[in-house]
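**Student:** Sequence:
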Amino acid sequence: MIVEALQPFSNGLGKLIVFEGIEGAGKTTQIQKTSDWLKSWLSQQVLITREPGGTPLGERLREVLLADALVYDTSELLLYAADRAQHIQEFIQPALKAGHIILCDRFTDSTIAYQGYGRGLSLDLIDQLNQIATQGIKSDLTLWLDVDVETGLERMRQRASADRIEQADFAFHHRVQQGFETLAKTYPERIIRIDANLAANQVQAQIRAALNPRLQDGKNSI
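Each residue of the sequence shown is one higher than the one before, starting from 1 at the first, in the UniProt record's numbering.
Simulated from the structure, these hints should not be mistaken for laboratory data. It is possible that part of the hints are untrue.
What the hints assert, rightly or not - Calculated lysine-lysine pairs in the DSS-like style (CA-CA distance at most 30 Å, straight line): (1) Lys138 / Lys97; (2) Lys97 / Lys39; (3) Lys33 / Lys185.
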């Protein structure tokens, strides 16, 4: 199943909306705010999920991937691919077929940005693994929460603890940010930049403005 990009949400099919960004971009907060907003009026069921995670196996893989332990770069990439393959078959594909709206915290672009640009692994290899894992499913819309690296890392430091990915050095996070910037320029029809340096309510306003043209109740756009 290949999901068409940027179609109105009134055709009865499920839609996959992905939230991307570096550490400290505010994805968790904005996904919850977006879910609450959509549930307040949308007739379709709205589901929240994440990568890594989203399934029982995925949550176990998440513990391995984010734990403060040695994971070699290629092993990391393959674990993310395994998580995604399980996520697609067990959760995303059935939810799309059922007509649900899925809000996903990270998807294929994160693998390109983190393991490709951040770790320096082959982009061709990553593309092949993404194709295998997703079975051709793509996001209908990706909201890139673009925050300055310095701002994102400062927000991260205010948390109780940092996971293995968050503990990577400053240069790594800059390379990841460059990856997201390159992706946004390459796929402007799919990826919308959201200025995540602003206050949470201002970020949410941008997200709603981006979604409004594509969210329909079957009669009129809101």
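**Student:** Between Lys97 and Lys39, does the CA-CA distance stay at or below 30 Å?
**Tutor:** holds, 19 Å
**Student:** CA of Lys138 to CA of Lys97, is that 30 Å or under?
**Tutor:** holds, 14 Å
**Student:** Within 30 Å, alpha carbon to alpha carbon, are Lys33 and Lys185?
**Tutor:** Given that 30 Å is the threshold and the Cα spacing comes to 27 Å, the pair holds.
Hint check: no violations occur; every hint is consistent with the structure.
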